[in-house]
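Line by line, the protein sequences give chains W and L.
So that you can map any letter, position 363 of the first sequence is 405 in this note's numbering, and since no number is skipped, the others follow by simple counting.
So that you can map any letter, position 83 of the second sequence is 92 in this note's numbering, and since no number is skipped, the others follow by simple counting.
Source of the hints: derived by calculation from the structure; they are not laboratory data.
Hints may be right or wrong, so weigh each one.
[Unchecked claim] Under the rule of at most 25 Å between Cα atoms (straight-line distance), these lysine-lysine pairs were calculated in the DSS-like manner:
hint, chain 1, residue 1, chain 2, residue 2
1, W, Lys396, L, Lys91
2, L, Lys91, W, Lys343
3, L, Lys148, W, Lys396
4, L, Lys155, W, Lys297
5, W, Lys253, L, Lys91
6, L, Lys107, W, Lys253
[Stated by the list, open to error] One-sided excerpt, in silico: chain L residues whose CB lies under 7 Å from chain W:
hint, residue
7, Tyr57
8, Ile103
9, Glu104
10, Met105
11, Asp106
12, Ala108
13, Pro119
14, Lys126
15, Tyr146
16, Arg151
The structure presented is a predicted model; accordingly, all values stated were derived computationally and were not measured.
Don't be surprised by glycine CBs; every beta carbon is placed ideally from N, CA and C.
Each chain, written out:
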Amino acid sequence: MPLMNMENDYNRFRQIIKGKIKENLRKYISNGEMIGRKGKELVSIPLPQIDIPRFRFGDNGQGGAGQGDGEPGEPLSQGDGEEGEGQAGNEPGAHVREVELTMDELAEILGEELELPNIEPRGKKEIVSHKDRYTGIRRVGPESLRHHKRTFKEALKRQIISGQFNVEKPRIVPIRDDYRYRSWKTTTKPESNAVIIYMMDVSGSMWEEQKEIVRLETFWIDTWLHYQYKGLKTRYIVHDARAYEVDRETFFTLKENGGTVISTAYELALKIIEKDYPVDEWNIYAFHFSDGDNWSRDDNKYCLELLRDHLLPRVNMFGYGQVESTYGSGEFYDYLEEHLGDDDRLILSQIPDKEAIYDSIKDFLGKGK
Amino acid sequence: MSISEKVLEELRELKKSPGAARKDKFYYFHKALDGLDVAVKFKDIDRYGIVVDYISLARTEPILDVEAINRRLEQQAETVQKTITYLLEDFMLIEMDKASKRAQLRSYPPYEKENSKFFYEIVLEEGTRVHFQRYEYNKEHRRYEKITSQLTLEIFKRLVDDLANLVK
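Based on the provided sequences and hints, a complete structural model is requested.
Dropping the structure here:
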């Protein structure tokens, strides 16, 4: 019973934590602090306004019930405090509380708060994964899997039944018949394959501030899509006037000063999809972030052709997020809206500043694609 | 007579000629002067100043070597940043696209007023062409618009001479 209470308390505490995170989700989303605290499976979240439960002791020597001169029923007082001279402390203040959440818990919170629908994978071929779990016991098996506790239990049972067990001089010797071994069951689990291709403009007009917005937004998109698809794959493309495939770290840190030719990224994304991700087997997501300042209108036209004829037919969704540079926001967003605004595979989002990331995530993921 | 003085003289002449202003109320000047192809779009000019939309200068003789073009673009970009410092907004190299042989400089930081950002832009192409323009970005309409610059004649002359020196 006490264990049950503890579990209830623990669950209640987790609910409180989740509630607090939900309340402040907009702040967390626009604040990069959390990303630096992400481990492989857990993320630690600073929660300055939460009290960690702890035992509280009363003050000692205050003449409690049964120890003082009071009559039964007389209210207890805290006594008179002594006045003293205080001094300002010179030690650092209390640390901000941090709680750990799994990435799935974080995704759940994101989903609940932003009212994100679960993704319906497209009618793709399902990939089956196999997993072995040690759940049973057998009489035969390799010595490395011998279950010692069960083996001795069997030996003890046999010795008691046959009258060989001496309580005064307990000695258990297992024989071959007593040996027990762990056995496993293979479970099969259907999985949907999914890949995200992130593309980012790293041209001269995309400064640190703009890249930080992209970094934050991709963290949340990643969190949600990983929650929806186990074993999600990610590919990263950067471009200025040319496009390259890079690793995750380079994606967020690379600074170039070239011009902006968006079609180079779309061409490379198409090449990657055609080479590695057959459309009948994969759920494909593509996200492109830029300040929209494409250097030529001819390239806008070419991008439109690449999107309409090649990329959109292959993807579950294509998200284009336009961040605002120091000088403003280019015309690429308007161009896409004008020509492909009706295509529901294309989702457009304006992200003028960090505060807008929250709504932008909702734009991208709110349709359950 | 410097190229800027010749340009000024031409612009004044153009303004005097009847019916020179187009429907959009701008004057368009385009002429070869001192071996350069000069184009200026302006709204008005008087004894003290000019309301100019763009200034474009191009050397007719091309540079053929790509390496030489890119070296020259880098030098030109550096020269702009060092010399064109009299517009109250200094220039900064934003993008240098060696593949398309083009460099883009903008004044930094952009001047912000109410819902708008204002900045000058100089685009250098092929090592032989330069284009000067002022822009306004309106946050509400999310659009760049080309706008005019109001310059004193002294500043205008200095600017034309500096731009001409870049591409000569």
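### Query
Holds or violated: Lys155 of chain L with Lys297 of chain W, Cα cutoff 25 Å?
violated (28 Å)
### Task
Compare the distance between the alpha carbons of Lys253 of chain W and Lys91 of chain L with 25 Å, and conclude whether the hinted pair is satisfied.
With Cα atoms ~29 Å apart, Lys253 of chain W and Lys91 of chain L exceed 25 Å; violated.
### chain W contact restraint on Ile103 of chain L - CB to CB distance below 7 Å
Holds: closest Cβ of chain W sits about 5 Å from Ile103 of chain L, inside 7 Å.
### Message
Holds or violated: the hint that Tyr57 of chain L contacts chain W, with Cβ atoms closer than 7 Å.
### Response
violated (30 Å)
### Query
Straight-line Cα separation of Lys148 of chain L and Lys396 of chain W no greater than 25 Å?
Satisfied, since the Cα-Cα distance of roughly 16 Å is no more than 25 Å.
### Query
Is the hinted pair Lys107 of chain L and Lys253 of chain W satisfied, with a Cα-Cα distance of at most 25 Å?
holds (23 Å)
### Task
Would you check whether Lys126 of chain L satisfies its interface hint, that is, whether its CB is within less than 7 Å of any CB in chain W?
holds (6 Å)
### Query
Is the shortest C-beta separation between Asp106 of chain L and chain W less than 7 Å?
holds (3 Å)
### Query
Holds or violated: Lys91 of chain L with Lys343 of chain W, Cα cutoff 25 Å?
violated (37 Å)
### Interface hint compliance - Met105 of chain L to chain W, C-beta minimum distance less than 7 Å
holds (5 Å)
### Task
Go through the hint on Ala108 of chain L and say holds or violated, using the shortest Cβ distance to chain W against 7 Å.
With a closest approach of 5 Å, the Ala108 of chain L hint holds.
### Task
Classify the hint on Glu104 of chain L as holds or violated, based on whether any CB of chain W lies nearer than 7 Å to its CB.
With Cβ-Cβ at 4 Å, under 7 Å, it holds.
When held up to the earlier numbered hints, the structure conflicts with 1, 2, 4, 5, 7 and fits the remainder.
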